[in-house]
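K.L.:
The hints should help you fit chain L onto chain A, whose structure is shown.
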Amino acid sequence: MLNYVLSRLLTFIPTFIGVTLISFSFIRALPGDPIVVMAGERGLSAERYAELSAQFGYDRPIYVQFWEYLTGVLQGDLGTSFVTKRPVWDEFFALFPATLELSVCAMIFSIVLGLPAGVIAAVNRGKFFDRALMSTALVGYSMPIFWWALLLIIVFSGNLGWTPVSGRIDLLYYFPDATGFMLIDSIASGQDGAFRSAVLHLVLPTIVLGTIPLAVIARQTRSAMLEVLGEDYIRTARAKGMSPGRINGIHALRNAMIPVITVIGLSVGTLLAGAILTETIFSWPGIGKWMVDSIFRRDYPVVQGGLLLIAVMVMVVNLTVDMLYGVINPKIRKR
Amino acid sequence: MSLKYTLAAGLLMTTLGVSASAQSLVYCSEGSPEGFDPALYTAGTTFDASSHPLYDHLTEFKVGTTEVLPGLAESWEVSEDGMTVTFKLREGVQFHANDQFTPTRDFNADDVIFSFDRQGNPDNPYNQVSGGTWEYFSSMSMPDLVESIEKVDDYTVVFNLTRPEAPFIANMAMDFASILSKEYADAMMEAGTPEMLNQQPIGTGPFTFQAYQKDAVIRYLRNDEYWGDKAKVESLIFAITPDASVRYQKVQAGECHIMAYPNPADVQAMKDDESIVVMEQEGLNVGYLAYNTKVAPFDNVNVRKALNMAIDKQSIIDVVFQGSGQIAKNPIPPTMWSYNDAVEDDAYDPEAAKAMLAEEGVEDLSLKIWAMPVQRPYNPNARRMAELMQADMAKIGVDVEIVSYEWGEYLERSKAEDRDGAVLLGWTGDNGDPDNFLAVLLGCDGVGAANRAQWCNEEFDAKLQEAKVLSDQSERAKLYEEAQVIFKEEAPWATIAHSVVYMTMRPEVEGYVVHPLGGHIFNQVGLSQ
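Sequences listed follow chains A and L, in order. Anchor point for the first sequence: position 166 equals 188 in the working numbering, and the numbering is continuous, going up by one each time. Anchor point for the second sequence: position 438 equals 971 in the working numbering, and the numbering is continuous, going up by one each time.
Keep in mind that the hints are not guaranteed to be accurate.
No more than 20 Å apart at the CA atoms, straight line, and that leaves these computed lysine to aspartate or glutamate pairs for DMTMM-like [stated by the list, open to error]:
1. L:K948 - A:D55
2. L:K747 - A:D55
3. L:K948 - A:E63
4. L:K747 - A:E63
5. L:K901 - L:D951
6. L:K901 - L:D874
7. L:K948 - A:D315
8. L:K827 - L:E728
9. L:K901 - L:D851
Okay, the calculated bits of chain A under chain L, using three or more residues with CB under 8 Å as the criterion [claimed, not checked]:
10. 37 to 48
11. 102 to 116
12. 191 to 199
13. 307 to 313
Don't read these hints as lab results, they were simulated from the structure. Given the structure is predicted, the values throughout are model-derived calculations rather than measurements. Glycine residues also receive a C-beta, built at the ideal position from the N, C-alpha and C atoms.
With the rest of the complex left out, here is chain A (with noise of 0.2 Å):
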């Protein structure tokens, strides 16, 4: 097992360098200058210019300013925004745990919701429920996020008013951040409906969220556990007189974890990076609409930051991943 933990710890250091290399050339290629967009209509003049890219370093050589973000990178130095003139680090720590306390939450309901529904659809294979639960899964899958975050907003909180619009917590709460999970952060603060009131913020764009991990969720855990079914080991526990039950929850779902833990795994990736117009829509202060921003405005340090940030978290997750494979299948982590 140690080996194998090494082996895949290796492998993160060439990937690490790639994502550096490709995270500060791609917002490089983009057409468009940093400080062009930021004078806008308004213009400046060539003198002014050369000035302003001295000031930023972005008259070097390329190369030159590539080995400076690495050794910065390497210190733990992720440069400074272009707009707002603090910290990338300082920045993006401010606004992950919204994104993460989100996407944990939008994780967990589509799991929750996600596995059984697959299950109950694979046992009841081409039954009324089966269908149902599979047109329903391709719906959520195909459905444009905004204009089902906009239908809900309407619904539960125009119509029926039983959730708020948008934001983390309703404004006349205030108490500093301590830990940046409003979950937490309400409880700790001790003011009564603090917390009930960050609970009801996150049920919408947790369901937004969820939605398309939860489809797609189904549907994997509906097909693995079709094809486990098929087994003859399944066969030979049903001719023993095993209870459905037993071989649907034990034998069958944990042989059929292992395609749905690949889909798990790919889908943080996607809550992560993805949460751009969930965010946008719910107001949630995370990093999908900051990352969008700074691309717009080209803001290389945030952009080049920000995309390394969420490059490491998503190699950590499949990391962990990989080791899941290994405590539900011992073969993998034999070999």
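P.N.:
What follows is chain L alone, placed relative to chain A:
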């Protein structure tokens, strides 16, 4: 109301939203400020959150007009030759305090000098702090214009200029001219945290800064020591809500009292909704199509006029602006002084346009129209606008090709004097002065730069130069009115539209005034019980 009571009430009223707490005004803003030191930035969203609630300026715009009033300067005097401006400063004005800083003295001349010196003097310790680029200061030509600033005594400051410049007094009311505390700046420099000036702002304005959570919320408290009319609400909250439909939902649900920038498509529904109040005003902007007057056949005024007559502006207003715009006939908006309402616009007449082109011997004309890749108040959808123009031009036998570039490229390439094609672009005013539109966009100095029509008309330019050095507004207005007549005759642009700015609010909001300069100002806004 005690805090405990407010919270209990809040709990009770969670579903009813903020309307229960009459002392907090909640504004659904469209985005996050870049920072809180206005001189470092150029975006209106940043100014709404910094310059207006937190700071004062030597002069101030009267909210709702472009008229200039005394601010931190009680009065000013311009010398005979227009080269020296003397400001008499207000006494007894206090700066805000925060956890790190408590002012030991009142506002005085040192603060004024510091606020400008840091922007123009490379040796000022704050010149490079927060990557200071001072874009607005430069783009208003302040480095060339201001020779020196002198302190005569604690409450008298003299600006020595390099040339007479009538709009200078209005420039002092602009956001980049916000007055910061030198004492605070020195204290933060000493503490090794000069960036606090931008992150924990201290000003003299009607609100004090309480807290900012990036992309979520900004909180302000009323400044009870304010020298002028004190704010009507105890606290002001900006709930940052980037999506326009969501902002509208929040206003309906009572989670916000007031919002900016509704979707044009929602405006009619808002007007029909009795529980919502919609205010509107023409924005201080203009959207235009600039021909390249240096390239044949567009150097021929009759060709330009013919093309102008081919454009159906009303359909553009209906389709592109969805009603939230107004046809433009002059290069300056109607809310600006010196707007010449007597000017007649080129009538929409494709037949006459066709005949005019034939008369000039122009056949098989083809034209590139540049469509901006971004949304702007003066042009919400340039691509769509270009397509409509393409269809209009086809009716008179002109073949139009639509081109576009990434925004930065677009701005750069469109400056070229040999540019192929006509450019869709626009402008939003800075200081409410006509010079800020006419000279910047159409003056001879701007050829090869902001003057996208590459148009240099000596008669027109002479009027602008003359008006710039006069200090009497009515004399200046007369010259600008004449300049607008020349502009219309010469047709370097097709003037297209001025946007209409909407502000959506709940009925309990009292005293909000739409500001023609574009800012959202809540200093005198209250809530009825």
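K.L.:
Compare the structure with the hints numbered earlier in the document and write down the numbers of the violated ones, lowest to highest.
P.N.:
Violated hints: 2, 4, 6, 7, 8, 9 and 10; rest satisfied.
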